[in-house]
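Given the structure of chain A, go ahead and fit chain B onto it with the hints provided.
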Amino acid sequence: MASLSESLKDLQELIAEFYELADYTPLGAKEYNEKDMCNIDKGTHAQFALNNILSLNYGYQSVDSGSPWLPYWLTNILEITMNPIEELPSVLRKKLTKFLKNLHNDESGGFRGQISLQSHIASTYGGLMAIVNIGTEEAYQIIDKQKMKEFLTEVFCKVKQEPSSTLKSSEMKVGENGAYIMHENGEYDLRACYCALIIADILGFLPDPDLTEGMSDLIASCQTYEGGIACNPYGEAHAGYTYCGLSCMILLGEVDKLNLDRLIEWAVNRQLEMEGGFNGRINKLVDSCYNFWMGAIFEMVDMATKGKANIDGQWLCSQLALQGYSIFCCQSSEGGFKDKPRKGVDVYHTMYALAGTSICQHKSHFHQKKVEEISEENKEDDPELSEGDDFDEVCILSKNYNNLLARLSPIYNARMCLVKKAKEFYKEN
Amino acid sequence: MADSDGESLYEGKEYIPMDEKLDKWADVEPIEQYTQENDPGVCKIDYTPGFEEAMRYFRALLNSNEISRRMLELTQVVIKVNYGCYTAWYIRRKCLDEIGTEEDWQNEIKYLNKIGIALEKNYQIWHHRRCIVQKLNDPSNEKQFMEGILKSDDKNYHAWSYRIWFIKYFNLFDGEMEFIEKMIQDNPVNNSAWSYRYFLVNHTKEFGKETVEQEIQYAFQQIKDYKLDNEAPWVYIRGFLAKTDEEAKRSQRPNSSAKRIIITDFPFVKETCLQMLKDYEEGAHGYRFINILLLDYLIGEGLKEEANEVIDKLATVYDPIRENYWKYRKIS
Numbered sequence: 001m002a003s004l005s006e007s008l009k010d011l012q013e014l015i016a017e018f019y020e021l022a023d024y025t026p027l028g029a030k031e032y033n034e035k036d037m038c039n040i041d042k043g044t045h046a047q048f049a050l051n052n053i054l055s056l057n058y059g060y061q062s063v064d065s066g067s068p069w070l071p072y073w074l075t076n077i078l079e080i081t082m083n084p085i086e087e088l089p090s091v092l093r094k095k096l097t098k099f100l101k102n103l104h105n106d107e108s109g110g111f112r113g114q115i116s117l118q119s120h121i122a123s124t125y126g127g128l129m130a131i132v133n134i135g136t137e138e139a140y141q142i143i144d145k146q147k148m149k150e151f152l153t154e155v156f157c158k159v160k161q162e163p164s165s166t167l168k169s170s171e172m173k174v175g176e177n178g179a180y181i182m183h184e185n186g187e188y189d190l191r192a193c194y195c196a197l198i199i200a201d202i203l204g205f206l207p208d209p210d211l212t213e214g215m216s217d218l219i220a221s222c223q224t225y226e227g228g229i230a231c232n233p234y235g236e237a238h239a240g241y242t243y244c245g246l247s248c249m250i251l252l253g254e255v256d257k258l259n260l261d262r263l264i265e266w267a268v269n270r271q272l273e274m275e276g277g278f279n280g281r282i283n284k285l286v287d288s289c290y291n292f293w294m295g296a297i298f299e300m301v302d303m304a305t306k307g308k309a310n311i312d313g314q315w316l317c318s319q320l321a322l323q324g325y326s327i328f329c330c331q332s333s334e335g336g337f338k339d340k341p342r343k344g345v346d347v348y349h350t351m352y353a354l355a356g357t358s359i360c361q362h363k364s365h366f367h368q369k370k371v372e373e374i375s376e377e378n379k380e381d382d383p384e385l386s387e388g389d390d391f392d393e394v395c396i397l398s399k400n401y402n403n404l405l406a407r408l409s410p411i412y413n414a415r416m417c418l419v420k421k422a423k424e425f426y427k428e429n
Numbered sequence: 001m002a003d004s005d006g007e008s009l010y011e012g013k014e015y016i017p018m019d020e021k022l023d024k025w026a027d028v029e030p031i032e033q034y035t036q037e038n039d040p041g042v043c044k045i046d047y048t049p050g051f052e053e054a055m056r057y058f059r060a061l062l063n064s065n066e067i068s069r070r071m072l073e074l075t076q077v078v079i080k081v082n083y084g085c086y087t088a089w090y091i092r093r094k095c096l097d098e099i100g101t102e103e104d105w106q107n108e109i110k111y112l113n114k115i116g117i118a119l120e121k122n123y124q125i126w127h128h129r130r131c132i133v134q135k136l137n138d139p140s141n142e143k144q145f146m147e148g149i150l151k152s153d154d155k156n157y158h159a160w161s162y163r164i165w166f167i168k169y170f171n172l173f174d175g176e177m178e179f180i181e182k183m184i185q186d187n188p189v190n191n192s193a194w195s196y197r198y199f200l201v202n203h204t205k206e207f208g209k210e211t212v213e214q215e216i217q218y219a220f221q222q223i224k225d226y227k228l229d230n231e232a233p234w235v236y237i238r239g240f241l242a243k244t245d246e247e248a249k250r251s252q253r254p255n256s257s258a259k260r261i262i263i264t265d266f267p268f269v270k271e272t273c274l275q276m277l278k279d280y281e282e283g284a285h286g287y288r289f290i291n292i293l294l295l296d297y298l299i300g301e302g303l304k305e306e307a308n309e310v311i312d313k314l315a316t317v318y319d320p321i322r323e324n325y326w327k328y329r330k331i332s
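Here the protein sequences line up with chains A and B, keeping their order.
Under full-length UniProt numbering, residues 1 to 429 are what the first sequence spells out, in order.
Under full-length UniProt numbering, residues 1 to 332 are what the second sequence spells out, in order.
To be clear, the hints were calculated from the coordinates, so they are not data collected in a lab.
Remember, predicted model here, so these are calculated numbers, not experimental data.
Take the hints with a grain of salt, since some may be wrong.
To be verified - Incomplete in silico selection of chain A near chain B, CB under 7 angstroms: (1) D36; (2) N57; (3) L316; (4) Y426.
To be verified - From chain A, some residues computed to sit far from chain B (all C-beta separations above 12 angstroms): (5) D41; (6) E87; (7) R93.
Heads up, the beta-carbon is just placed ideally off N, CA and C, and yes, glycines get one too.
For reference, chain A alone in the conformation it holds in the complex (with noise of 0.2 angstroms):
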């Protein structure tokens, strides 16, 4: 298995050579003060949405059976970018509106991954929050909440079947006891719980018991004895499964049920101090789209301590380093990210690195109320809900704030403002 370390260390020497070229290194992040060096290029990565808004290469047939993240991902990296949607054409609006329209599944609730498949529920969550960034009624409308509900409660494990061998292959429901499948007879993970989770969030469902009874419970025994959350019990530490279960168990308010010391300490040994990324787990390459999904845990662990896992208002990793990672290793001078420097750009990986590198320019809100005293009783409560871009204390490499991204919410990975509107409309409608 030599090549596995070899690969490990082109890779190391290939950043390092990118790093001794802008007179950089992740340790010395702080210091770091050549401005003109690391430029993040916003009207370029705009752009770079616009064009694959308007065509994708066959490239992208890998993700058609997930076609409604398109559009959120393309939306969100234009609001990240500072380039709201609502400044669009409304022309183009309206065609992302029929976009996703044809993708709804009016029979059965929620969006099919492409025309005539069945209802995925990762799709339905892509579709939905296309909805929120696009943030028009006509938009919110194409969603039956009835329906929704409907498809929600077919997809949820209540209780768990039990296997055997005489059911048909096409009709077994394979998931734990609080788990979601991702659509009829299909597979279960952490990730389908979380979809699932922020849809009712959205579409004011919860609480409701009939859609997460058990889900906490199982989301604790996916926590490894590495700290991090994997994708069902006994399995390894993960990234993404670890926001998606740290994301749920806060929307359930049953973060006690994890030991969050050791989530905390498995998620920091994420960043690697060579390369300044995250990794997604133990032993493994860097990957831009962790900037996210490793990212948004740190913020969310300090909403779940109610402010006290920051210092200063920091996250606890480096957020400058990782800004280094994704400006110096991955940034594309044509628009986009990459993974990893040699390879190519796509649009998955250019929104979770966008949105990693925002949520790693921003510090915690509740050092923002420490430091303005603010004592409103009503934000007390649910600080995740305040809008942060007006912000000025941020943390942004070599002070260089031309870079500043819009801030997002790492639960929803979307601007606050444009979830709490469609939470609003959904509640009256």
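Just chain B, lined up with the frame of chain A:
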């Protein structure tokens, strides 16, 4: 993006366009993805011709709810070009359930073996395999199949999850400990293998002092034989240990017999750490891990000042990238 042509799956076999097999498909009216009416004009993928054609026919048969032999064949064409198409996998199971012969079921496993490595990162194929194996109630192919997959990528997340499932479901724990020792020996930085070892301990041994001591000694040996800077065995060791009773209790997972034992029950842990601090140079990669384990022990002993000294050293010298975290860990 991943190769979605699927051509590599069927080396040497040319793709035959549907309309050249007229007899079989003559009565099917292929359905376009978009009509002029519903074409949104955005987020459109520039499909390859084979992909588009397969989906046009698949949509047509889906819309007429056809479950037939030609549908079974068509799903194979769809999977070839569009393996993420979960409904094609689902319909495949439906066809097998409704019209599958004994031979079809046996061929299904052969088919999955054949395309398994090319689709090793695909979610659907693993789930499909689970449904088929569960239905056939026959895991006799599974360990051998795994061997090929793990040879191609020994950290394949789907593969390890799948192994956990079938070993548990069919109770095939015999020989697993020997298997995982070999995996770890072949590649000691493979954390998936360490994680699987923990699963085995959890299911085949009592979580007593004796087992835990054996596992810790095993991991220490791996660190010394291989390299200090291998996070996997360090985390493995610390995964069995709690600093305090309260932490041990809090770490109890629902429906699991796994537990953490108080670190101070194992004085050799501290001795080993102190010895390693002497044996390795301060600047050695992974020096931090010795200190982190020692820190657990010092906290277990209630030695606050000594613990804080280690924390300061971690924040400034041994692990400065995590400076904020170590400041957070400072004991007041």
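Each hint, compared with the structure:
1. The interface hint given for D36/A is broken, as the beta carbon of that residue sits about 25 angstroms from the closest beta carbon of chain B, more than 7 angstroms.
2. The interface hint given for N57/A is met, as the beta carbon of that residue sits about 6 angstroms from the closest beta carbon of chain B, less than 7 angstroms.
3. With 7 angstroms as the threshold, the beta carbon of L316/A comes within range of chain B, its nearest partner Cβ sitting at about 4 angstroms, so the hint holds.
4. A cut of 7 angstroms between beta carbons decides the hint on Y426/A: the least distance to chain B is about 23 angstroms, and the hint is violated.
5. Here D41/A stays apart from chain B, with its beta-carbon at least about 22 angstroms from theirs, past the 12 angstroms limit.
6. For E87/A, the shortest C-beta to C-beta distance to chain B comes to about 17 angstroms, beyond the 12 angstroms cut-off, and the non-interface label holds.
7. At roughly 10 angstroms from the closest C-beta of chain B, the C-beta of R93/A falls inside 12 angstroms, breaking its exclusion from the interface.
This entry does not satisfy hints 1, 4 and 7, going by the numbered hints stated previously.
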